[in-house]
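Peer 1: Chains as they are written, first to last, in our numbering: chain A, 1 to 395; chain B, 1001 to 1545.
Honestly, the hints are just simulated from the structure, not real lab data. Hints may contain errors.
[As the list claims (entries may be wrong)] If the Cβ cut is set under 7 Å, some of the chain A residues that face chain B in the computed set are:
{"no.": "1", "residue": "115"}
{"no.": "2", "residue": "186"}
{"no.": "3", "residue": "340"}
{"no.": "4", "residue": "342"}
{"no.": "5", "residue": "344"}
{"no.": "6", "residue": "345"}
Model, not experiment: these values are computed from the prediction. Where a beta carbon is used, it is the ideal one built from N, C-alpha and C, also for glycine.
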Amino acid sequence: MSTVTSSATVAETALASTFAQSSTAADNSELPMLCLRNITKSFGDEIVLEDISFSVPRAATVVLLGPSGCGKTTMLRIIAGLDRPDSGEVWSGSRQLTGPGTFVDVRYRRIGMVFQDLALFPHMTVFKNVAYGLGGRSFGERKKRQQKIVEEAIALVELEGLEHRRPHQLSGGQQQRVALARALVPKPEVILFDEPFASLDTSLRVEVRTEVHELLHSLGTTAVFVTHDQEEAFVIGEEVVVMADKRIVQHDRPSVLYSKPISRWVGLFVGQANMLPASVCGASAQTILGSIQLDEEYTSSQADVLIRPEHLEMLPSGSDNDGSAEAGAEVSTGFGTVELVEYHGHDTMYAVRLADDCVLKVLLPGSSPQFDHGSKVELCYVGPPATAFVKDQVE
Amino acid sequence: MTSVKKSHGKSHYFQTHASSVGRGLYLGMAGWSILLAVIFVAPFGYILFQALDLGVSWDDNFANSLVPLRNTFLLGISVALSAAVVGTGLAWLVVRTDLPARKVWAIAAPLPLAFPSFVGAYALIAGFAKGGFLEELLSPLGIHSLPSVYGFWGAWAVLTFFTYPYVYLPVQARLSTLPATFEESARLLGRRPLEMFATVVLPQTWTAISAGSLLVFLYTISDFGVPSLLRYLTLTRSIFDNRLFDPPTAVAHGLVLAVLAFMVIFAERIISGRGLSEEGHLSGDVAYRQALGRWRWPTTAVVAGWLGIALVGPLVVMGYWVVRGFLNRGRITGPLVLSFDGIWEPARNTLFIGVVTALVTVFALLPLARLTARYRSRLGAVCSSLVLAGFGLPGLVIALAFVFWVLRSPLVGFYQSLPLLVLAYSLHFGAQATRVSETAVETMPQQLEEVSHTLGAGRLRRFATVDLPLMSPGLLAGGGLVLLSTMKELPITLLLHPIGFDTLSIRIWAAAEELAFAQAGLESLVLVGLSAVLTWLLIVRRVRL
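Generate coordinates for the entire structure from the input sequences, incorporating the hints supplied.
Peer 2: Next up, the structure:
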């Protein structure tokens, strides 16, 4: 799937029609595919979810992102109908799945799920695993039809020829695809993914993730992912719901989350970040790097400015850029020493100690490191207007 | 890189071999193991030899085994099937559903193991006896005559009630490692709870169920007490009845039974060997809980009823007769005869012979366990599987072989002596100790032995200060299992016990045969009490709730 040849693309378009999500009822298409309202859940005395509301648009992928133990998986299980919330509602289009006096049984919800351990049945072949969602034994025409659906699903995830293998005879990536095919076959309205790539090793994870992403996109499947990996959330999610400590903290597109996090915690949780102390005056902040333009007017005078490492530029100190930097209104500078060099190949992360005890992370592109440990450097902020968090703001 | 590592590992292995076991000791262990294997195979070989020696003929001795063979087979199959259903159902309800008071049932479910099956048979007879407990209970309802408990149905019921834990325990263990996501996936993919059970739970527990059922089958065809008390002609009964006046027939029937038993052991080996490779190792930390819905309370009633009959029923019947006997002290004959005087001696004998057997068995098998588990010796593996096969040989056949052998050999003085009794027990229950001892040796880190060696400890000191303390929990468990089985054993005890050395099972047997219900009740209560303590310590406590 990762290598898309022209013939594969044709085949995929043909197959996709079987599993593509059809917007059947025209009046429903404006409603969100999945909608949660005021979900609260506790196990015994311990509250695990508090007043959770969000919705998933048709054909979109929404990712629930949060540290482990924040209730993401419980959220997913409530959507699937494996757990009952204490209060709140779950809607699928105009159909209420969970609500006061309503609880649609798991098997009537038309929701598919891929578990972290995949839960492929070890005693069944790939074919039988994929066919499982079509029901028990069937005969005649119905059997032929079902066989065709299963074969198509197996072709869709490019596992032709492996139909008669058992799950333990497959690689991790192949197992992942069987699980996906199995979830797709009953044509669910929504597919839930509970940290599906967690068990794969790093290089494989990226590859499988791309495959799944591509497939979900081409089929127009509505999907909800759960992950604690920010990178994964950003890659896969059209919208990301950040959860922390039983609640939703922020629900936005990934780019908004990254550039304008709602709190200091979210800013640090999604991606690398520096928090630079500053004194604020209106829409401008005075920092050790000089004056930095802020994204809006702030009332408080003391704040931390969020600075992404790639928004800093680094020059050898004493170069003739000095004068021009001071002249430019949006460029601000500070002097420091390189303390740590982490070379990643496509870019390099530096830790730079500025004059007083303040260490900033700086990310520079380029296939070879430009600075050594101990280099004297000069930093300047070259990013867009920054976000600031006032000092007394408590998470 | 890898090849270097490998060769290093190999030389290391040989080094250990040479340094921590001297050549002499290794040969000693090997010799001892061969001797053990020979002893364990001897009873079967002797029966075979006897069959030839006594001139057993097909027409006279084998042909008449067909009826008892058919009955044995019928009883074995029926009990195995019903125990499979009960054991699996109960395990599933306890581990994978929202049955109320699951922990209580989880503790109670394996406890019927504490009852020797012949005590169960006695309880059934005493319960249904004329003028007995059930009649008194039911007469206000206008029911005055109870059905006969003798024959197939009685034997089937008693054996099902007291052998289902052999299925329950492995299935319970398997189910508690099954990841919840299997069942959840099945539900999400649109299957009803029953379909989910049939397509996911059952295939995943199949090995445990079939291995457990084969064990029940083996137990049933080897059981002597139940078919005898309930008068159902099986092979064990015909062996026992013919042993004095028609030895060739007894030997022929013993041979048939032994072959049947070995076939079961063989089948069990194949099934568990294949099962592991097909089902794979699983570890789920969260159990799936199927909501029982409106079936919740009816199911609870059935579970409570079953365990009530299995556990409380026999105790109530025994207690009832003991109380009636106590209230009618001084009567000389009949079911109400009750004497407290004779109770302590058989109780003491039971414990004494059990502990001696446990010690002898565990220490006799320890060198073999070391050979197999530590040195991975092929010789050890062969000897070990012969010892394990000894478990399949029915106790009555072992006893029969010993009786015939001793009476026709210069060792006739050992007939019905304590050493011979202990030897026979050890042969029968050695397999239980072997498995546990091998695990005990395996779990002991070899480095510790090497460390103490480098610190200059001698071989004897090393064994006493390092090996033994580390292995003792495992050995204790193995010994405990042997003790428990010895206390509950009937046919070997019956044939080989020294005159005047009565154990509780001998007394219960005698009293039950004479329908002295009160006396049998008292002795059964003591025996069940003792074995319940052991069952609790060795089995129930180890079950993951």
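Peer 1: Indicate, hint by hint, whether the structure satisfies it.
Peer 2: So, going through the hints one by one against the coordinates:
1. Interface restraint check for residue 115 (chain A): the shortest CB-CB distance to chain B comes to about 4 Å, inside 7 Å, so the restraint holds.
2. The interface hint given for residue 186 (chain A) is met, as the beta carbon of that residue sits about 6 Å from the closest beta carbon of chain B, less than 7 Å.
3. With a cut of 7 Å, the hint placing residue 340 (chain A) at the interface with chain B is violated, because the nearest CB-to-CB distance is about 32 Å.
4. For residue 342 (chain A), the interface hint is violated, the least distance from its beta-carbon to any beta-carbon of chain B being 29 Å, above 7 Å.
5. Nearest Cβ of chain B to the Cβ of residue 344 (chain A): about 28 Å, over the 7 Å cut. The hint is violated.
6. At a threshold of 7 Å, the smallest CB-CB gap from residue 345 (chain A) to chain B is about 26 Å, leaving the interface hint violated.
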